[in-house]
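Enquirer: Residue numbers (the working numbering), protein chains in the order written: chain A, -12 to 337; chain B, -12 to 337; chain C, -12 to 337; chain D, -12 to 337.
Worth flagging that the hints you see were computed from the coordinates, not collected in a lab.
Hints may be right or wrong, so weigh each one.
Since copy identity is lost for identical chains, a pair holds within one copy or between any two.
What the hints assert, rightly or not - With a Cα cut of at most 25 angstroms, we get these calculated DSS-like pairs of lysine-lysine:
#, residue 1, residue 2
1, LYS292, LYS99
2, LYS99, LYS296
3, LYS292, LYS203
4, LYS203, LYS296
5, LYS(-9), LYS18
6, LYS127, LYS(-9)
7, LYS203, LYS92
8, LYS18, LYS127
9, LYS327, LYS127
10, LYS92, LYS127
Remember, it's a predicted structure, so these values are computed and weren't measured experimentally.
There are 4 protein chains.
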Amino acid sequence: MNIKVGIVGGTGYTGVELLRLLVLHPNVEIKIITSRSEAGNNVADMFPNLRGHLDLQFAPMDNSALKSCDLVYFATPNGIAMQWTRELMNAGVRVIDLAADFRLKDVDVWQKWYGQIHTCPDLLETAVYGLPEINRARIKNAQLIANPGCYPTAVQLGFLPLLEHGIVDPDSLIADCKSGVSGAGRQPSVGFLFCEAGENFKAYAVSGHRHQPEIKQGMEFVLSDHGHLDQQVDFTFVPHLTPMARGIHATLYARLNNSNVDLNQLFAERYKDEHYVDVMPAGSHPETRSVRGANTCRMAVHHNKGSSKVVILSVIDNLVKGAAGQAVQNMNIMFGLDEKSGLEGIALIP
Amino acid sequence: MNIKVGIVGGTGYTGVELLRLLVLHPNVEIKIITSRSEAGNNVADMFPNLRGHLDLQFAPMDNSALKSCDLVYFATPNGIAMQWTRELMNAGVRVIDLAADFRLKDVDVWQKWYGQIHTCPDLLETAVYGLPEINRARIKNAQLIANPGCYPTAVQLGFLPLLEHGIVDPDSLIADCKSGVSGAGRQPSVGFLFCEAGENFKAYAVSGHRHQPEIKQGMEFVLSDHGHLDQQVDFTFVPHLTPMARGIHATLYARLNNSNVDLNQLFAERYKDEHYVDVMPAGSHPETRSVRGANTCRMAVHHNKGSSKVVILSVIDNLVKGAAGQAVQNMNIMFGLDEKSGLEGIALIP
Amino acid sequence: MNIKVGIVGGTGYTGVELLRLLVLHPNVEIKIITSRSEAGNNVADMFPNLRGHLDLQFAPMDNSALKSCDLVYFATPNGIAMQWTRELMNAGVRVIDLAADFRLKDVDVWQKWYGQIHTCPDLLETAVYGLPEINRARIKNAQLIANPGCYPTAVQLGFLPLLEHGIVDPDSLIADCKSGVSGAGRQPSVGFLFCEAGENFKAYAVSGHRHQPEIKQGMEFVLSDHGHLDQQVDFTFVPHLTPMARGIHATLYARLNNSNVDLNQLFAERYKDEHYVDVMPAGSHPETRSVRGANTCRMAVHHNKGSSKVVILSVIDNLVKGAAGQAVQNMNIMFGLDEKSGLEGIALIP
Amino acid sequence: MNIKVGIVGGTGYTGVELLRLLVLHPNVEIKIITSRSEAGNNVADMFPNLRGHLDLQFAPMDNSALKSCDLVYFATPNGIAMQWTRELMNAGVRVIDLAADFRLKDVDVWQKWYGQIHTCPDLLETAVYGLPEINRARIKNAQLIANPGCYPTAVQLGFLPLLEHGIVDPDSLIADCKSGVSGAGRQPSVGFLFCEAGENFKAYAVSGHRHQPEIKQGMEFVLSDHGHLDQQVDFTFVPHLTPMARGIHATLYARLNNSNVDLNQLFAERYKDEHYVDVMPAGSHPETRSVRGANTCRMAVHHNKGSSKVVILSVIDNLVKGAAGQAVQNMNIMFGLDEKSGLEGIALIP
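Looking at chain A on its own, in the form it has when it is part of the complex:
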């Protein structure tokens, strides 16, 4: 099978990562990649790692070329995908948005957090949240995928088994998250200069981060889906910036309402058939570099039997399982391919 793929907006870190994966994917043909600012330039001049691998120029926005694709990825700032998605869908094209346009179901919440009017709120319901470990069946038949955020992927996968079994107090949930700097994107900005973000550690957006409502929505969906209908999530989310390029480390805290469950067993069981979730032995310390460049979410449970407190450690590469890799995994599911196609790269150590 050959999937004709278009990419809108390929000049950021998510874009180059998507290219890195798609270029070697055995079933993908990249037909067009658009960028207003870079139209006419060789992609490989901007990203020299692609020299010899990709002979393509950035194109201006081109509806008709995109409409001839089987699948279009949006690797654009928030608010762009929603301008083009309906037209593409009407033309039968499937769409994966790596930005946030379709991640929230409630348009009011979306508009509050993203500070703009949503131009196609009806599609919020249509869109499938592209977290395969939760939504695989729905993804298979979806025409529009909202690819999850990076923090939401690491956090939701880490809390998932606890929520499904309804064994945590949902008003006790804390996610203390640390992200590499690539999560901030490739726009020039003082705060992400080498001399500002290097040799430095800080929290940011403690008073409110857009991924908080996304995670909350996801967790409430899981609770409700598993019959824990009465549970309200009160979720504290503190993101931090850590001086490395790639990686998210989520340190998750919760209070158990049943402290005698063998949590490690429960996690191992939950994920035993998930190729891209790796549950380490109880008490392990997953490292972000162990997934650098790979599509894996690696986690470990820290719990002493009888204690009401549990700590979960969950790591991903924010650009892979937290963005481009998950998007390719979604594509594989949508098109009936082996879910691992094009995703078998091994993390670089060191």
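We have chain A already, so just place chains B, C and D on it with the hints.
Expert: Same frame as chain A, now just chains B, C and D:
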């Protein structure tokens, strides 16, 4: 005044930092610095930043030279200071131990966590815990100071106003802490190689870290000292390694039993006379680099009035306020000097 | 085809990189990997990036298992491979040594630089220097390959077209080289701790580095092979340590004896059929990260027509084209495979 | 003595470094610091390391306030200082420009390299090049100081003794220089983002860098000043970007016309009275971190007697001896203070 100072074990990062501060201290004369492994070598050959500032050789251990000092610092591995302290004290020398030998009051707890027999348990009671913001009066007259650990300094100062006012539920306390790699010392060890610790983030010692009982003891002391005698601390401590040399960032979580207090005001009030604690405006995000090389603990409170949850962010330089700087601050107090002597260096940005 | 491969000494950075490449190689079956210190432990416990990819334990040294392999890689410290190579060769096994045991032809020079007695000096002549761009034909039929050092790969490829055409003054050659810290290996050592090598830049071994005679030998071989028999190489080599994990940047200086040649054309022509050498447009600045994880040597020529001075910039990933990747490239040539098998990974940016 | 100081443009890295030094200088009173973009904001809000040390707001440009100062520093982009300097000089104010407006003597060369018209070319002759080790006497009485560039400081001090003695072939000079990222300033720019400049090494501006003519001019001045009038400098300069915040490492190559001089002795002798140049023992490898935050240029000579080739290694902190520290040193000389006033900080290790 001229304080004759001896240093035992000056080859680690705490040692060189102590030298950096003492060399420029107007009231200090460094009489001797000992190192078994480096005896006979110039200190400035090992630490070339001291070339032109310090013309001294490492000496072998020399009791009598140390006894002629007014003050001896131990910048040694755990278990060394306790071998020499009594003899020095008997000779009238004052001692500041930068290691952990005298930090815990309960000898059983100490022996459990440090895995060795304590050779002078009676001195555990004698030793004053050298956190000036809590113990200034006791430090003034102390002959033996247990200089606090780095994490304990950042965490205790961050929780202190809440504990003193008894407005947190002490079984809800969580400290999610991130340390630069210098906290691991200067011993060769695979895990702290540039290629292991760089571009990587991980938790460690989640199942138990020696600073946990130190912090717990300190917090219980504060609660008890302020009349909250019935409160048991249940404290979760998760340390992480972050790819930078210096700095600790403590992200502190607690549940309030009184959610209507103006916490920022309370913190500002508590620390208004503390030169080395800087409370930023509410909602700020202190950066570790803002204290790199400086003796400051900088913090900010995140709390929405009416919410039962509070987040405190607290940063220090682990080698300064978390070790050598605090030791010098203690010396200044002990010898009746201006508490700021030798400590007015400004953090390097970038 | 299925090549049965053994690896001796797989616990260093070269070893894990070799595993990363071989695990995904379509024609390789890893039969055994030995390590004295780690025998019995899972390889993936040491290198968690391999979890789910490699289910193998380190084995003790095992001659007979190695003899049943088609190919044995030595990823050991210098001086180990020469103890086992003859026996393996006698058993018909082919050998690629990633260390330096067989890199120099002159046993006296070898013994001087490596400070030990060479136990099989006759094999120095037998061994083929595994730089495919120079020695492809010889590699094809070799039984013993001396895999080049990292600096020598970057430097020789950069000077090669100039030397072949005899248009440089060979006593004017300077290589100012900068290496990432992984070049120093994974042994614990103070100098390569994060807090020593990070935020720091320094030269080392300016008075003499083992790669100097290797490069000199290689350049003299090229000169002689191209009829420039009378030319003596006087070559200045200054290596530096730069605070990153992977990558070598060689800045090469030479004085031309013919300043009117179109050097960029000459380089482009020389390497037009070399898949793993990428000559950028004249005046470009190749970045080390553009080859991170990839087997490419990327270079650019800086020369103003008429000037007698030329600067060549040449970058590689020291662990790939400078070690494990080149070793796999040599294997592919030796066994008649597509030279690109298992080597098509694209560099990670960022 | 109390020097009333004004600073124009204090929002870059040179500006904050100047503030860090001046705030603790015993003879300086900062009267005004201007910034168009930040006027009205607290300086310490932008640079939190200054909290508690400096209670000052950025002011809009204010000629009359500047005219009431004894000394005005320009820490502005190139082309700003020349707009204000004459007026300030006419008012009797002394000026130190940390940018490049007055560094070159030849207005045509300046205009070619800086791409703008010079508005007061006559001041180019008036200005004194502020490298104290060469120009101390002239600096003492200067009203206008052109503070040298960072690379030019490291390179000129490294070549100086060789040039003064006329023992190098001046057409053989090469400076292979490596700079930390702070040299690029604090403007937002993609190329200096953490994710672009980190874990990466590259050369830049190989075809021509503005510091090349500055260094060439300085070296020709030295040759001419020491009677080597017939010597033309042909100087190759290759700058590189290295992933650290602070520091320059210059690796200098030259061919000697007298290979029997004891160069180490010659360097030691030349700099024995220079407090801010430290000549290490022959064969040493100075580290950039050994001068991080300090005003020292540290160097070492590598030369085998009888060889015609010499390598000099020279390191500085680009923001201190390469910018703000040297500016303060110049001020101290101009105002008859101890040259070391306010400059005795010791480099931070680690």
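Enquirer: Which of the listed hints are not met by the structure?
Expert: Hint check: nothing fails, all pass.
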